[in-house]
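Undergrad: Each chain, written out:
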Amino acid sequence: MSVKISPSAGLAARVIVGAVLVYAGATKAAGPAEEFAIVIGSYDLLPRDMVLTAATFLPWVEILVGWSLILGLRLKVAAAAAGSLFAAFLFALLTVKAKGIELPNCGCFGDGVHLTLTQGLVFDSALAALCWLAWKSAPAPLSLDSWTEGGYTGRDHGKR
Amino acid sequence: MMDSAMDRMTRLAVSAALVLAAGAGSFLVARGGVKPYSPAAPGYRALGPADAKVTIVEFSDFECPACRVAEPPMRGILKLFDGKVRLVFKHFPLERMHHHARAAAIASECAGRQGRFWEFHHDLYDHQSEWPSEKFEERMAAYAKNAKLDEAAWKACRADPAVDAAVSADVKDGENAWVGSTPTFFINGKRFVGAMQLSERGTPWIEKELKK
Numbered sequence: 001m002s003v004k005i006s007p008s009a010g011l012a013a014r015v016i017v018g019a020v021l022v023y024a025g026a027t028k029a030a031g032p033a034e035e036f037a038i039v040i041g042s043y044d045l046l047p048r049d050m051v052l053t054a055a056t057f058l059p060w061v062e063i064l065v066g067w068s069l070i071l072g073l074r075l076k077v078a079a080a081a082a083g084s085l086f087a088a089f090l091f092a093l094l095t096v097k098a099k100g101i102e103l104p105n106c107g108c109f110g111d112g113v114h115l116t117l118t119q120g121l122v123f124d125s126a127l128a129a130l131c132w133l134a135w136k137s138a139p140a141p142l143s144l145d146s147w148t149e150g151g152y153t154g155r156d157h158g159k160r
Numbered sequence: 001m002m003d004s005a006m007d008r009m010t011r012l013a014v015s016a017a018l019v020l021a022a023g024a025g026s027f028l029v030a031r032g033g034v035k036p037y038s039p040a041a042p043g044y045r046a047l048g049p050a051d052a053k054v055t056i057v058e059f060s061d062f063e064c065p066a067c068r069v070a071e072p073p074m075r076g077i078l079k080l081f082d083g084k085v086r087l088v089f090k091h092f093p094l095e096r097m098h099h100h101a102r103a104a105a106i107a108s109e110c111a112g113r114q115g116r117f118w119e120f121h122h123d124l125y126d127h128q129s130e131w132p133s134e135k136f137e138e139r140m141a142a143y144a145k146n147a148k149l150d151e152a153a154w155k156a157c158r159a160d161p162a163v164d165a166a167v168s169a170d171v172k173d174g175e176n177a178w179v180g181s182t183p184t185f186f187i188n189g190k191r192f193v194g195a196m197q198l199s200e201r202g203t204p205w206i207e208k209e210l211k212k
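Residue numbers (our numbering), protein chains in the order written: chain A, 1 to 160; chain B, 1 to 212.
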């Protein structure tokens, strides 16, 4: 059975997830990558020579995926990318929990907001669920997708 | 009509540009303005020749365990590049976590004003497990004695608001340079955070800078 998502619920979901991603990405991108690299390194998931590269690019991925969601550009792809990010974050947090690693900071929002491990798990799970709502809401009105396709034409919008 | 004139690809390109512009805008808003940052410190907090080709500016907190861990690699670097690098120490006490850090920074600063900063510095890191406690004053007095300080002058100095202000000025410099954790090193301006980045990437970077 296909689940129907109202356009306003879809819009709310994508704006919430997008805003969180933009805020999280911008606070990290604005600070030094070397600081964020310390946090990524403490998860002990990536090879050490990849940590600084990840710390440099991950915040920009969050920012661009976030704005794509808010503005509705390639909405399905953006929602899937955001969902993948939150799935990866959840995996990282669960790994830390399993290994018993004490994180100084989850790295979710740079130096701004510090979440505990449990808070991070709940937060990322909720946002992953909203990503699913955003994904199901595509194609959506009030989106760049609808403008690109020449106007929103309902659920069959964009289908050829 | 303009809308009908724009084909799908053009609209897609405009949409992508809009997302990129919004991304760049949010970055610039989060970053804010560039604030002034001075890597300078009084001479007693510097080691090595003033005209060295490589200057390492260290923002550190005496009570921070990661700063103690970074001490051996830093001493190793100074030994390896003896006479070629200059180390400048800047105070960055993380007072929310380390309740004795500012007082230790002030005590070391006052040792510095008697020309004994590095002796005091070494004692604080080498005995870090001992002094951040109710024995703080007793331990500080012992390190002052080890450093052969004039005790009366050292005690008077610790009460001097100007010394506290000097520590605050370093903290301000660190904040302006986006120092978020300690230890943070700037080697000829390039940032390295923590002992691991210093050990793994700092030495090759110094070698590269010395070859210039």
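Take the hints with a grain of salt, since some may be wrong.
Unchecked claim - So the derived label-pair ranges between C-beta atoms look like this:
no. : chain 1 : residue 1 : chain 2 : residue 2 : range
1   : A       : Leu117    : B       : Lys79     : 48 to 58 Å
2   : B       : Asp126    : A       : Val61     : 39 to 49 Å
3   : A       : Val3      : B       : Met97     : 45 to 55 Å
4   : A       : Thr95     : B       : Lys135    : 38 to 48 Å
5   : B       : Ala165    : A       : Ser84     : 35 to 45 Å
6   : B       : Asn176    : A       : Asp49     : 40 to 50 Å
7   : B       : Ala152    : A       : Leu117    : 21 to 31 Å
What the hints assert, rightly or not - Facing chain B, a subset of chain A residues (Cβ under 8 Å, in silico):
no. : residue
8   : Val22
9   : Ala29
10  : Ala30
11  : Pro32
12  : Glu34
13  : Glu35
14  : Ile40
15  : Leu58
16  : Val61
17  : Leu64
18  : Trp67
19  : Ser68
20  : Leu121
21  : Pro141
22  : Ser146
23  : Thr148
To be verified - Facing chain A, according to a computed beta carbon distance under 10 Å, are these residues of chain B, among others:
no. : residue
24  : Leu20
25  : Gly23
26  : Arg31
27  : Ala177
28  : Gly189
29  : Lys208
30  : Leu210
Because the hints were derived from the structure by calculation, they are not lab data. Note that beta-carbon positions come from the ideal geometry of N, C-alpha and C, so glycine has one too.
Undergrad: If a hint holds in the structure, say so; if it does not, say that too.
TA: Tested hints:
{"no.": "1", "hint": "Leu117(A) / Lys79(B): 48 to 58 Å", "in the structure": "violated, 40 Å"}
{"no.": "2", "hint": "Asp126(B) / Val61(A): 39 to 49 Å", "in the structure": "holds, 43 Å"}
{"no.": "3", "hint": "Val3(A) / Met97(B): 45 to 55 Å", "in the structure": "holds, 47 Å"}
{"no.": "4", "hint": "Thr95(A) / Lys135(B): 38 to 48 Å", "in the structure": "holds, 40 Å"}
{"no.": "5", "hint": "Ala165(B) / Ser84(A): 35 to 45 Å", "in the structure": "violated, 50 Å"}
{"no.": "6", "hint": "Asn176(B) / Asp49(A): 40 to 50 Å", "in the structure": "violated, 30 Å"}
{"no.": "7", "hint": "Ala152(B) / Leu117(A): 21 to 31 Å", "in the structure": "violated, 51 Å"}
{"no.": "8", "hint": "Val22", "in the structure": "holds, 5 Å"}
{"no.": "9", "hint": "Ala29", "in the structure": "holds, 5 Å"}
{"no.": "10", "hint": "Ala30", "in the structure": "holds, 4 Å"}
{"no.": "11", "hint": "Pro32", "in the structure": "holds, 5 Å"}
{"no.": "12", "hint": "Glu34", "in the structure": "holds, 4 Å"}
{"no.": "13", "hint": "Glu35", "in the structure": "holds, 5 Å"}
{"no.": "14", "hint": "Ile40", "in the structure": "violated, 12 Å"}
{"no.": "15", "hint": "Leu58", "in the structure": "violated, 14 Å"}
{"no.": "16", "hint": "Val61", "in the structure": "violated, 10 Å"}
{"no.": "17", "hint": "Leu64", "in the structure": "holds, 5 Å"}
{"no.": "18", "hint": "Trp67", "in the structure": "holds, 4 Å"}
{"no.": "19", "hint": "Ser68", "in the structure": "holds, 5 Å"}
{"no.": "20", "hint": "Leu121", "in the structure": "violated, 24 Å"}
{"no.": "21", "hint": "Pro141", "in the structure": "violated, 15 Å"}
{"no.": "22", "hint": "Ser146", "in the structure": "violated, 10 Å"}
{"no.": "23", "hint": "Thr148", "in the structure": "holds, 4 Å"}
{"no.": "24", "hint": "Leu20", "in the structure": "holds, 7 Å"}
{"no.": "25", "hint": "Gly23", "in the structure": "holds, 4 Å"}
{"no.": "26", "hint": "Arg31", "in the structure": "holds, 4 Å"}
{"no.": "27", "hint": "Ala177", "in the structure": "holds, 9 Å"}
{"no.": "28", "hint": "Gly189", "in the structure": "violated, 12 Å"}
{"no.": "29", "hint": "Lys208", "in the structure": "violated, 16 Å"}
{"no.": "30", "hint": "Leu210", "in the structure": "violated, 21 Å"}
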